[in-house]
Amino acid sequence: MGKTAQLLICFMVCLGVHAQAQTWRSELYPQGWQPPIEADFYSDKLIQDFSYAGYHRGEKEIPFKARAVLDVTKPPYNADNTGTLDVTAILQKAIDDAGQRKQGGVVYLPKGTYQVNPVTDKNYCLRIARSHVVLRGAGPGETFLYNASSNMRSKAIISIENGNSWTGTGENKTLLTKDLLKPTSVIPVQQTTGLKVGDLIIIRNYIDNNWIEKHRMLDYWKDKGNSLHGQLYGRQVVAINKRAKEITLDIPIRYALETAHGAALYKAPPMLTEVGVEYMSIGNRQSFVEGDWSEESYRDEKNGSYQCHDSWAIAIAHLYNGWVRQVNSYRPEGNSSDTHVLSNGIKVWQTMNVSIVDCSFKNPQYGGGGGNGYMYRVMGNETLLQGCVADSSRHGFVLSHMSASGNVFFRCLDKNSGSQKGLVGYQKTNGSGSDHHMHFSHSNLFDQCTVENSFFAAGWRKWGGSTIHGLTGAHSVYWNLSSNGSQAEAVQTQQGRYGYVIGTSGSKPGVRTSAWQAGTEFITAPEDFVEGKGVGNTLEPQSLFLDQKSRRLRKNDSKK
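According to mature numbering (1 follows the signal peptide of the UniProt record, and there is no 0), the stretch in the sequence shown is residues -19 to -1, 1 to 541, in order.
Don't take each hint at face value.
Unchecked claim - Calculated lysine-lysine pairs in the PhoX-like style (CA-CA distance at most 25 Å, straight line):
id : residue 1 : residue 2
1  : K223      : K540
2  : K205      : K443
3  : K103      : K223
4  : K83       : K41
5  : K26       : K195
6  : K195      : K163
7  : K103      : K46
8  : K177      : K226
9  : K92       : K74
Think of the hints as simulated: they come from the structure by calculation, not from any bench.
The whole structure should be built from the sequences, with the hints applied where relevant.
So this is what it looks like as structure tokens:
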């Protein structure tokens, strides 16, 4: 070997050793990290175990179901797939037929365009209301679901729900007997009668002025507890100790629960399971109504924005172990402003362990006030959004309400936020970024995500009507984020209790922890934890979610 080659090899080895030496770990996530079962939600810094997010807690792969496939272009359905005829009733019949089968079924939409319209006196075009039903296309570039109506106020193109609610009084309701201030899965209760292993349960609290005062929000939320609903954790019972009167859950709680706030446990109402939407694109005919498309224009019936307000491509509620996979938005032919959806993309609410994988939503026509222009809005438990893209919207990824906890955004991209299409193709919106939007969504993870001409945020917010958004987050983690574009920082974080930003990179790696609103510093104190600005590309591990999942599954395997 020549001397030049030897020197080159030596240089490369030294460079590799130097690069390895530059890797670093967070002080909150050392090599021997264990789930923080002894850490106090009110006072301590803690990195929770986020590995439970997604379909079956990540312990099973999303299936590709091949049995009971109902091809809607074949008898008895014979659906038109040219997009010229309304096939809403035909597709709904196929969905209902699949739902009536004991093992469910797959409603298959082969290559083509399928026109739907909202059902009279209903808030949807298509509804999946039974378990084990999958709505499948041939691929997001092959199958197109086209909504030909632009009058979609408070409606969804696809609705997945069964009409139940987590906030009812509940069956077999029992109060907790101790305050739970740590991330525990063992719940002491007054009685265990009527519960069995495998039951789905809701564990929750109720917001009163004592809770509000503890969180320094009396000046803003006093007597507004009913509007805040409270923490809601959907879980499965994995063990019952009748003698000790303890229930063991599959996933730990995500924030403190106290007996003074009526903390209780009860059976979940009947929920849907094993429901999926996959391999298709969804688009909406734009509104051509002239008029005002500004922030508050949705309040006036004469404006096109009135018809767009609070509309969704896919709205999901009361589902556990379900999925949306490879579903994109698209621009229907004839939409002059490049509109894909009228307002919003995907919403999950009061859900457990739903996976949203490799989806792309963009270009809302309206992104004004009142909850418009959100591509993904998460208000459920333990949702996994993986490889998803939001582009050219008001807000890309949004967390709302105390029901939003344990959710993981993994390798997602938000770009060009703060915009809507309107009638002219581009208009700036008053809001922007991906954010913890309102009412104390907590204990969520953004992992290896990227923003371009956008940002992440979890700050105290003064907007929101009579019950202002206020404290929007606590104990949420931003891990190894990349930020590029025109925004000032990667992250703006002022969470109640602690929040965490660990590792940033890109051309705009900065982090802002100062209060957005002067005089609110005491509400979000202590200052959030920030570590590794600009050096996220050498953070070890690169993905918190994957590392925690690997640890937990290895531990589970060792117990078998």
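Results for each hint:
Of the supplied pair hints, the one linking K223 and K540 holds, its CA atoms being roughly 24 Å apart against a limit of 25 Å. Distance restraint check for K205 and K443: the Cα-Cα separation of roughly 15 Å lies within the 25 Å cut-off, and the hinted pair is therefore satisfied. The straight-line distance between the Cα atoms of K103 and K223 is roughly 45 Å, outside the 25 Å bound, and the hint therefore fails. The hinted pair formed by K83 and K41 meets the criterion: a straight-line CA distance of about 22 Å does not exceed 25 Å.
With a C-alpha separation of about 18 Å, the suggested pairing of K26 with K195 holds against the 25 Å cut-off. Of the supplied pair hints, the one linking K195 and K163 holds, its CA atoms being roughly 16 Å apart against a limit of 25 Å. With a CA separation close to 29 Å, the supplied pair K103 and K46 exceeds the 25 Å bound. Taken as a hint, the K177 and K226 pair is honoured in the structure, with Cα atoms around 13 Å apart against an allowance of 25 Å.
Pair hint K92 plus K74 holds up; C-alpha atoms about 19 Å apart against a cutoff of 25 Å.
In this structure, the earlier hints numbered 3 and 7 are contradicted, and the remaining ones agree with it.
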